[in-house]
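**Student:** Assemble the whole structure, with the sequences as input and the hints as a guide.
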Amino acid sequence: MADNPHHGQTQSAGAQTTGHVWDGDLQELNNPLPAWWTYTFYATMVFALVYWVIYPSWPIGKGFLPGMSTITYLNADGKEESWHWNTRAKLLKESQDAVIAQKPYYDKVAGLPYEQIGKDPELSSFVLSAGKAVFSDNCAGCHQAGGQGKVGLFPNLVDDDWLHGGGFDKINQTISKGRRGYMPPFGEALDQAQVDELAQYVFSLSGGKADPVKAGKGKELFHSQTGACYYCHGDDAKGRQVIGSANLTDKVWLWADVPGLADDAAKIGAIKKVIAGGLDKGVMPAWESRLNAEQIKLLTVYVHELGGGK
Amino acid sequence: MFKNFKHEKIETNAGLLLVLTMIAVSIGGLVEIAPLFFLKDTMENVAGVRPYTPLESRGRDIYIREGCYTCHSQMIRPFRDEQLRYGHYSLAAESKYDHPFQWGSKRTGPDLARVGGKYSNEWHVQHLIKPVSVVPESVMPNYLWLQETKLDVSDVGDRMRALRVTGVPYSANGEEYQRNVKQFGEAVAKTLHIPDALSNLVAQAQEGNFDGDRSSVSEMDAMVAYLQVLGTMVDFSKIKPEDLVKFR
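Those protein sequence lines, which keep their order, are chains E and A.
Each residue of the first sequence is one higher than the last, beginning at 1247 in this note's numbering.
Each residue of the second sequence is one higher than the last, beginning at 963 in this note's numbering.
Careful: at least some of the hints might be erroneous.
[What the hints assert, rightly or not] With beta-carbon atoms standing in for the labels, derived distance ranges:
#1 A:R1042 with E:D1481: 51 to 61 Å
#2 A:G1129 with E:A1391: 21 to 31 Å
#3 E:S1422 with A:R1042: 19 to 29 Å
#4 A:R1042 with E:G1392: 23 to 33 Å
#5 E:G1392 with A:N1104: 49 to 59 Å
#6 E:Q1348 with A:A1124: 41 to 51 Å
[What the hints assert, rightly or not] Now the stretches of chain A that chain E is said to cover, found in silico as 3 or more residues with beta-carbon under 8 Å:
#7 995-1006
#8 1104-1118
#9 1195-1207
If you are wondering where the hints come from, they were derived from the structure by calculation, not from laboratory data.
All figures in this text were calculated on a predicted structure; none of them were measured in a lab.
Glycine included, each C-beta is placed from N, C-alpha and C at the ideal position.
**Tutor:** This is how it looks when you write it as structure tokens:
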């Protein structure tokens, strides 16, 4: 069809062609884009031009066009300072605005002694909801979402048993500075029979059914220079909060899973394991470098609310 | 010269089409990435950032081997919600010795850029062996072989040498060691000395006792050592926030 009578048109639709012809009769249609599309495209170009003027854009040598938009924030000396728009400046400004918005509450929290915070219902609900958020982000990984902890790993914060003290000041200190649980291993200093006797005695302290003869011998060991358990756990075996030693007379267990095990032999076995192997774990990280003083105060109130007091 | 130029020329010349396509495609990268290598505001000038010790570096290798980056990012963006949850936003300087960096953009799990020091070693060990035992809602798989597998330390020096080629200042000789002493102080410089890599690795694993078992160096030791150093090198209490604003 070299002599196409419809040159410049398609036979069917009557649309324009580009005029290119291959193999004598293959033509290329020319369908221009709709006007709305092309004008939208031009509009995006105009948008880009405006954007370049407002925000940081083109690199030039070692710098770049900073744009006309600026953000004003407070510097470390409390003076106003402006810088071209960027996400870091925006974040700094937003953080400072949030601090100002929360300032009335934080000032109240910072100024009031712990005991007073609970007496103001509005403040108390602020502290507990903010404290819960901080707790969920930072503490729940170990102490679990409800603060119930994990036997064998992380202390329970909901009960009223506190290794290092459950008063406001002690909780604050624990959060700020961290803690480290340690008990020396007695597996080499004592023989197996002695470890067993001690375990029987410790089990009996919290009302467990132990062999009375062995427990009696264990009691002697506990208070002797050989075992010297009393040195840390106290003459009454109730522990000493100054050094964080455990109260052995209650039914709260952190390291040996006594409540979770089924029969008495297994329970005593778990206690034996702790006596023989000791503990060099139970590290609570120090939070003062990660959280600020206000956050730690909120957390202290929150944790105290969970089960503090003693 | 454009007067006689016809589009047909490109369409009928594969070689020319290829060259021009490559130029068109590279413009995005040239405009958005290349300038960062020359802008003076790209890299913050902060103290404390150092290359990883041999043990941390091996931990990082395992982190990459296990594909942790597919679910965990290591870049806290400068947004308020991220700062509240994860800590201070990440700085470019903090990953300047990372090859390749682990920024990522996929968060099935949380960001790990500042996980160092947030949890205890025991928590990490327990969590890596069985994540749901400490985080009940977790979907992370169990990595129980880390604790049981002895760390392959045979090539730790070679790995550091390879990183040295990419620009990480590990020292291979006395002169470079002295340079590191000047830059990082003696204690850090010692850990960066390639000839002592193996003994440094073992010493750190012994002292840190990351996996709770001093009898051997396991992959868990390396992994936890690496996780515990993430995001801890820069002391932000010594930096004014407005100074970092100016690096953008």
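**Student:** Using the C-beta atoms of R1042 (chain A) and G1392 (chain E), is the stated range 23 to 33 Å upheld?
**Tutor:** Once the Cβ atoms are compared, 27 Å apart, the range 23 to 33 Å for G1392 (chain E) and R1042 (chain A) holds.
**Student:** Cβ-Cβ distance between G1129 (chain A) and A1391 (chain E): within 21 to 31 Å?
**Tutor:** 44 Å, violated
**Student:** Confirm or reject the claim that Q1348 (chain E) and A1124 (chain A) have a C-beta distance inside 41 to 51 Å.
**Tutor:** 49 Å, holds
**Student:** Taking a Cβ-Cβ distance under 8 Å as contact, does the region 1104-1118 of chain A have three or more residues in contact with chain E?
**Tutor:** Per the Cβ count (0), the hint is violated.
**Student:** In terms of beta carbon proximity below 8 Å, does the region 1195-1207 of chain A have 3 or more residues touching chain E?
**Tutor:** Three-residue rule met by the region 1195-1207 of chain A, so holds; n is 6.
**Student:** Is 19 to 29 Å a correct range for the gap between the Cβ atoms of S1422 (chain E) and R1042 (chain A)?
**Tutor:** Since the Cβ atoms of S1422 (chain E) and R1042 (chain A) sit about 24 Å apart, the hinted range of 19 to 29 Å holds.
**Student:** Using the C-beta atoms of R1042 (chain A) and D1481 (chain E), is the stated range 51 to 61 Å upheld?
**Tutor:** 54 Å, holds
**Student:** Is the hinted range of 49 to 59 Å satisfied by the C-beta distance from G1392 (chain E) to N1104 (chain A)?
**Tutor:** Between G1392 (chain E) and N1104 (chain A), where Cβ atoms are some 24 Å apart, the hint is violated.
**Student:** Between the region 995-1006 of chain A and chain E, see if three or more residues pass the 8 Å beta-carbon test, and mark the coverage as holds or violated.
**Tutor:** Three-residue rule met by the region 995-1006 of chain A, so holds; n is 5.
Violated hints, in rising order: 2, 5, 8; the structure is consistent with all others.
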